[in-house]
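Here is what each chain is made of, one letter per residue.
4 protein chains.
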Amino acid sequence: MIRVAIIGASGYTGAESIEIILRHSEAKLAYLTALPEECGAAADVFPQFKGRCKLQIEPLDLNKLAESADVALCCLPHKVSMEFVPKLLKANVKVIDFSADYRLKDPKVYEKFYSVKHTDTANLKKAVYGLPELFRSEIKGKNLIANPGCFPTAALLAITPLLKKNLIEVNPIIVNSVTGISGAGRNPSAKFHFPNMNIFPYGVGTHRHMPEMEQIAGEIAGGDVQILFQPHAGPFDRGILSTIYCQPKEKTGKEQLLKLYNDFYRNEPFVQVRKDMPAVKDVAGTNYCHISADFVKGRIVCFSAIDNLVKGASGQAIQNMNIIFDLDETIGLK
Amino acid sequence: MIRVAIIGASGYTGAESIEIILRHSEAKLAYLTALPEECGAAADVFPQFKGRCKLQIEPLDLNKLAESADVALCCLPHKVSMEFVPKLLKANVKVIDFSADYRLKDPKVYEKFYSVKHTDTANLKKAVYGLPELFRSEIKGKNLIANPGCFPTAALLAITPLLKKNLIEVNPIIVNSVTGISGAGRNPSAKFHFPNMNIFPYGVGTHRHMPEMEQIAGEIAGGDVQILFQPHAGPFDRGILSTIYCQPKEKTGKEQLLKLYNDFYRNEPFVQVRKDMPAVKDVAGTNYCHISADFVKGRIVCFSAIDNLVKGASGQAIQNMNIIFDLDETIGLK
Amino acid sequence: MIRVAIIGASGYTGAESIEIILRHSEAKLAYLTALPEECGAAADVFPQFKGRCKLQIEPLDLNKLAESADVALCCLPHKVSMEFVPKLLKANVKVIDFSADYRLKDPKVYEKFYSVKHTDTANLKKAVYGLPELFRSEIKGKNLIANPGCFPTAALLAITPLLKKNLIEVNPIIVNSVTGISGAGRNPSAKFHFPNMNIFPYGVGTHRHMPEMEQIAGEIAGGDVQILFQPHAGPFDRGILSTIYCQPKEKTGKEQLLKLYNDFYRNEPFVQVRKDMPAVKDVAGTNYCHISADFVKGRIVCFSAIDNLVKGASGQAIQNMNIIFDLDETIGLK
Amino acid sequence: MIRVAIIGASGYTGAESIEIILRHSEAKLAYLTALPEECGAAADVFPQFKGRCKLQIEPLDLNKLAESADVALCCLPHKVSMEFVPKLLKANVKVIDFSADYRLKDPKVYEKFYSVKHTDTANLKKAVYGLPELFRSEIKGKNLIANPGCFPTAALLAITPLLKKNLIEVNPIIVNSVTGISGAGRNPSAKFHFPNMNIFPYGVGTHRHMPEMEQIAGEIAGGDVQILFQPHAGPFDRGILSTIYCQPKEKTGKEQLLKLYNDFYRNEPFVQVRKDMPAVKDVAGTNYCHISADFVKGRIVCFSAIDNLVKGASGQAIQNMNIIFDLDETIGLK
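Residue numbers (this note's numbering), protein chains in the order written: chain A, 10 to 343; chain B, 10 to 343; chain C, 10 to 343; chain D, 10 to 343.
Read the hints as simulated data drawn from the structure, not as lab findings. Where hints are given, some of them may not hold.
Each pair may be met inside one copy or between any two copies, as identical chains are not told apart.
[Said to hold, decoys possible] Within a straight-line C-alpha distance of at most 30 Å, the following computed DSS-like cross-link-like pairs (lysine-lysine) qualify: (1) Lys284 - Lys121; (2) Lys117 - Lys263; (3) Lys151 - Lys103; (4) Lys343 - Lys268; (5) Lys200 - Lys63; (6) Lys135 - Lys103; (7) Lys149 - Lys174; (8) Lys73 - Lys96; (9) Lys200 - Lys88; (10) Lys63 - Lys343; (11) Lys290 - Lys37; (12) Lys121 - Lys258; (13) Lys306 - Lys258.
From just these sequences and the hints, can you work out the full model?
What follows is the structure, given as structure tokens:
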């Protein structure tokens, strides 16, 4: 049994990770930590775990963690993460990091978008971007995985086949996304207060997932890719729907596009290509990504739906964990 | 007092029209009609009118209508509308038609998208497209107004200033919209059944509001305009948010864009230009359209929010009514 | 024109009061105040007022208020209210107070439930409980109205006819209520954070509206009345549904009950008795209370639905204002 | 591996059953059936099963079912169920029936509430009411289980400890419940159409789960029990919250009540007693029932929350299946 620690267990991605590990046949929860003021019995912090999880969420003790766990799911915010990750790695604990700290390869881009200097560039170089459908072979056996952001996961799975085949212009690709409120985290705020909720755009031209998408898309395309990413928040708990507009280099059609996607994702357990249109409802609570595409008014329109907390965070982390430990990738996730 | 008839009073736009006329100081409800199986006391058909409206909704009797009303708000579906409108006009009743029957000037386009032959091309030629912010002077004193579709209202108000100033490429303009469920009408369907609801795209490349947008945008631009319109449905009652992506002919910026919009809509009571981003919550239940715009990755991104049942239907109809009868345009709507 | 000041204009009841006064033909907004950190243009604090309200929300200046307003809608929290109300009255401004400070006639009960000493018992004695359907004649011409709580409004309108006719046992009456999230105010909290929302009970045996209901029910019944009040929060913006279980002294039936209610509320503009069951949807956004009742398993079951922000707060306040100033009670509210 | 057939697989409880069996380590889906017009690949009927379930949903063929399955989850509506169940039993297939057809022991009560004559009283006598927490030993090894209704499950788990200890009066017990919309089934209707949804009562004095509660409560109490059951529908997908008001024979208190519940449910995996109040959110998607109780104004107030589709239907059915086949009761459900 893989012994799993969750650091930052008191947030939504912590809870979702607990949920999945409880159902995992080859892994078990070994150690849960959070800020002192958010500690207590897991079943008190998250009443949904009453009768299901007997662990305490405790303040982090590195020695205890190193002794009790083989891998840490690090659900900390950016900047905080890169303070702990080097220590975890030094203690021989594998790390799957949910923050942005090990995603952006260029520290200058990181510093521009996160307004803080990167303090662990040594490990940054070694970290692998944990999108298994694109980087599975590099993930295998690694010690540090940068678990992708939720919006990049949805967008990249949709545009990768187009980029790999060099079918589209990349200046810019337009990614229009709508996320559920859990994407804003467990701490309430005026903007996302229930009576204020309905649909609205945010982060115009400034969202931190934009450079992340551009970096990975650039790697795939083998050159500079511009992405105009526009997020919106909608009145639902979970899920992301991305509608993506690309300019094709040549005329195409729905059948051709679906064939491309089907061929590309033929052996992927968690990517499903649909003839009809994806809906967030169909992927909520699962690790699946539903994709479709069509050709309209000279543009390719792709649709991609995921659960932001599962394929967009905890599910993908555990998919990465399964790969690292050479398990069937779908354990705990099907 | 203007005497108002509502034909098709048993649907959502009928109810919204009743609601507004009840608050209107210069107009009163004179006659409400619906299909026989949907008739009854207005306060029974719509319990929100208990104590507020004593009228019956009755099967349509043209003579009675002609005697009792000066204007008819015709909330019928397409095809049905063009059977009644000629009779209403002949009976000297002014008509504000909510259907698509008098919006598309080219009968061939109408027949392509609505799969039915147009049977009243004579009146089609005389009908005015009832978007007051663009066609106020033509609306004045007319007998037949084609009340715009909800999506076209939101999109056209956002792109008109850009088109008038010839600032953008038009091949294509991308209009990404999310509508609340009332947009699908009062009759329930599996697709919009509550437990199925969350966010999903529909009508890919085929939505009937696409040619309507293109026709009016073309008139404004003085030439062919291609619009890639992609609607989505989201889990809320009311409202439309449109996010519009345009390719500018020259580099621009947020300040320049806001100045353009502010200048263009300076005297419009119902269009409000925002520095921050529009939210559906802020316009729900009102006749207002909130607009903003920014310049991102070489593209202009515009945002436009309306209530689909008010500015997108009944509110705009009554705004048109006020103009026709030479009243203050905002009566009943502020 | 009555000149209206709103104190505490930056909260939900402040916004709802602005909304109603904007539509009021005999009153106008004269002065809006809030805590310094919540001030600014009303149209910035509440974007729904863009183009509709040009006033600033300013820090409170008593002299300015006294000069500019005839009446103050005092939307302050309890304890804060009783610091300001005496000054307002002294300055000859009539006050409709939204807090609990002038509702509970017995300062000991107040101190028990609100954990603070009452500091204005002189005015407490003079204040009238502003439920127009029960105390209209006492409200007329008064200077200080204690605007009722939202739950008490819904419950009292339902049980008053039964109490007046001495038809039920009162030990205890069970009031089971579900409120929308706006009832928890404009400040976000973990408990009401969107992703946590669904239905749950709260305030078991301790809600502060319980003694308020008991006091007024006792006045009506002419004796001690015990009320077991159990509130719940549900995933919707606005509205309260109360389901009330009473033990009748004698067997009764639905028809008898509806006749009783119809007779009792015959002349009330805002109370509507329904044969079918009330739904929050039908009263949301209005000042109406929908009531029904039936006889089941030897018990009377009453249903009562209101909008918590309108009939449960701002609408009722303006209904009271209309009465005080001898206007048609329904102005601005129909 | 237990081979499971699902009859009526195209509805919500069918889908939920598929979902659970897919995660079940000792059972597998063997045969899925539905009405001819609702057949097709399971992954087309329910897109959430794309990549997860390769079975077809087919029109029912009894021979095929008998050959391929050990047990049938019969998700048919009442009346239809009792036409098929005798044939299934004759074919040596064990049956867990989701309908009401085998719940009400007295055919006259059945006929009164379901308006149809009972046509299989022979099997009715042998059927066991499948609430494992109360009837586990009788369920073991049986061939026909009447899977309880959703409302009775929530209510009975809350009141059973009180009835067993003879602590409360039973004339009547008041059960006030709120259910999510999936409780109304997969077929859309005007009443539950999204834009109409908010909270409302229904089935006043007439809901069919009332006699079911009374029958089982009577068995537990060893005498006649009257239950005043009042259901409401609220704007959420899943879950039931029941708030129950009982008159105790003697004064009690929260601590005593929690001790009673904790003792009673000590060894039950799926019933969790809470010191704080249950919330539907905490049990949604699980087979758990969260319970709490308090003593207020001389009454016992109990709260009980379940997921209507899991513990209230499919989860409980599979819990019953596990018991019948002598498996660990929690397989597939934890």
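*Mind listing which of the numbered hints don't hold for this structure, in increasing order?*
No numbers; nothing is violated.
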